[in-house]
Amino acid sequence: MKCEYCLEVKDLTVRYGEITALKNVNFSLEKGKFYTIVGPNGGGKSTLVKTIVGIIDDYDGQIRIFGRERDEYLQEKMVGYVPQIASFTKFPIKVIDVVLMGLFRERRFRYSREHYKRAIKALERVGMADFSGRLIHELSGGQRQRILIARALVSDPELLIMDEPTVGLDSASQAQFYELVKGLKESGMTVLMVTHDVGFVSEYSDAILCINKTLVVHASDVSELPQSFFAKLYGYGVKAAVHGHER
Amino acid sequence: MWDIFTYEFGLLALLGGILSAIMTSLLGTVVVLRRMSFFGSGIAHLSFAGVGLALLLKLPVNLITVTVAAVSAVVLGYLSRKGVHEDIGVGVLFSTSMALGIVMISASGVDSSRVMAYLFGDILAITWSDIWLLTILCAAVVIFMIVFKDHLIYMTFDEDFMKVLRAKTTPVYYTYLVLLAVSIVFSINLLGIILISAMIVLPAASSSLVSRTYQGMLKLSPVISSLSVLVGLIVAWNFDVPAGASIVLVQGVVFFFTFLIKILGG
Ligand SMILES: Nc1ncnc2c1ncn2[C@@H]1O[C@H](COP(=O)(O)OP(=O)(O)OP(=O)(O)O)[C@@H](O)[C@H]1O
Ligand SMILES: [Mg+2]
Chain A
2 MKCEYCLEVK DLTVRYGEIT ALKNVNFSLE KGKFYTIVGP NGGGKSTLVK
52 TIVGIIDDYD GQIRIFGRER DEYLQEKMVG YVPQIASFTK FPIKVIDVVL
102 MGLFRERRFR YSREHYKRAI KALERVGMAD FSGRLIHELS GGQRQRILIA
152 RALVSDPELL IMDEPTVGLD SASQAQFYEL VKGLKESGMT VLMVTHDVGF
202 VSEYSDAILC INKTLVVHAS DVSELPQSFF AKLYGYGVKA AVHGHER
Chain B
13 MWDIFTYEFG LLALLGGILS AIMTSLLGTV VVLRRMSFFG SGIAHLSFAG
63 VGLALLLKLP VNLITVTVAA VSAVVLGYLS RKGVHEDIGV GVLFSTSMAL
113 GIVMISASGV DSSRVMAYLF GDILAITWSD IWLLTILCAA VVIFMIVFKD
163 HLIYMTFDED FMKVLRAKTT PVYYTYLVLL AVSIVFSINL LGIILISAMI
213 VLPAASSSLV SRTYQGMLKL SPVISSLSVL VGLIVAWNFD VPAGASIVLV
263 QGVVFFFTFL IKILGG
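In the order they appear, the protein sequences are chains A and B.
Using this note's numbering, you'd call the opening residue of the first sequence number 2 and step up by one each time.
Using this note's numbering, you'd call the opening residue of the second sequence number 13 and step up by one each time.
Chain A on its own, in the form it takes in the complex:
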């Protein structure tokens, strides 16, 4: 049976001890689209993302990826994942080795020349090929972010999930990043991205999910959202940002 959904989340509840971070979240994402998650700080966006990619294993509800149970899917393939804020402590590891981590499952005892070539290619896609021999902690925050995007891309995942990947990127890199995402989408990849950058949302994403402990809205177009929506969600007006991108 062919499945048209890339990701289905049913009645997802995640707790950290006493704290309920997510409660009864339900949504389905179609293949090959670019989705955005927005929501206030502490709204549970990172929790949602971590649960999908397999970092959090303790949850209630159901997650299906390309029609299969999460664990079954993850056993065979991995979901591309870019974590929030690349704040690694000083660690003596080279950029190329960080990217190679994304190919860890494909290697046999060691990385082949083919793996190295793919890692370099992934670095080229984010414009960081010249930095392959540098240490990860010698890079600036935005550069690190791009290395982590390369690490997520190197395994050619069908689903790519990024947690605030544009934080710390300068405007040129941001434009480059959105070009990259467009290219990925054209190649058939489904992309899910957490962001606070409401302005960009309207321009690039096919649909937007608003998470505040539970799914507040799932709109297929930003213009469907009522003007007062972001103000209500964030508790203050960010209308100007949205407004600026209205056509």
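Rather than coming from a laboratory, the hints here were simulated on the basis of the structure.
The beta carbon of each residue, even a glycine, is placed where N, CA and C say it ideally should be.
Incorrect hints may have been included.
[Said to hold, decoys possible] Simulated restraints on C-beta separations: (1) T139/B / F92/A: 55 to 63 Å; (2) T139/B / K122/A: 52 to 60 Å; (3) F92/A / L276/B: 18 to 26 Å; (4) L272/B / D72/A: 35 to 43 Å.
Based on these hints, arrange chain B with the ligands on the given structure of chain A.
Relative to the frame of chain A, chain B with the ligands by itself:
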């Protein structure tokens, strides 16, 4: 100057010392990268309680000590997985186990010179059977590190990503801790409880100052540590000082010089 190695005990000390140096420094590199440098001396002190227990119950010392060390390594590892940092767990058990060891040894009525051997080790008293044991253990450590170094490094660098990769880090981590504990116990015969943590931490600390990457550290630490054993034994023989202490002093000097090179070289 080199004539210590014309005697069998000198050669055995060199062989045993180098085998112990290779395994402790390889495992020690991960200790340093994980910032759990207290762990080595913690396990060593815990095994002192094992020595006490064995002497009290008149059981084979090595067997009991290895068991005690391995079990405590696993317990400490488990605690650290539950959010108690390895060093905190060690800090709690450290002095208690030492006290327990002393109490049990004194209750066993064993001659205190035997106790001194555990505290300070006796590298010049190594036998061929020790060498075979160390060879097997060292080979196991080297193979383990070649196969699983990326697991250990990655889980130190970015544990979350290992979960995304669905990599089986837990068994690797516990195997690592048990190997570390066993290596420590068998090195105690050579260097003693008090000095063993130096063998684990110092070579890796020195190599971290001069090599940029973890790969470089893993290659350099065993070299530094083995050379320190060689130089340390020569110094001990010629100046008539205890061999274990001399080896550790050499390692300390190496650290000091790499530190100097680092700050002078920019
Ligand atoms: N490891 C943790 N232990 C306990 N509580 C946690 C943990 N991580 C997150 N939380 C709590 O869960 C809730 C959701 O956090 P989460 O990180 O998912 O929010 P977020 O939407 O990603 O926020 P931000 O926009 O700041 O990144 C918050 O109340 C937070 O305090
Ligand atoms: Mg977050």
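Right, here's what the structure says about each hint:
1. T139/B / F92/A: 55 to 63 Å: With a Cβ separation near 41 Å, T139/B and F92/A fall outside 55 to 63 Å, so the hint is violated.
2. T139/B / K122/A: 52 to 60 Å: 56 Å, holds
3. F92/A / L276/B: 18 to 26 Å: With a Cβ separation near 25 Å, F92/A and L276/B satisfy 18 to 26 Å, so the hint holds.
4. L272/B / D72/A: 35 to 43 Å: The hint (35 to 43 Å, Cβ to Cβ) is violated, given that L272/B and D72/A are roughly 53 Å apart.
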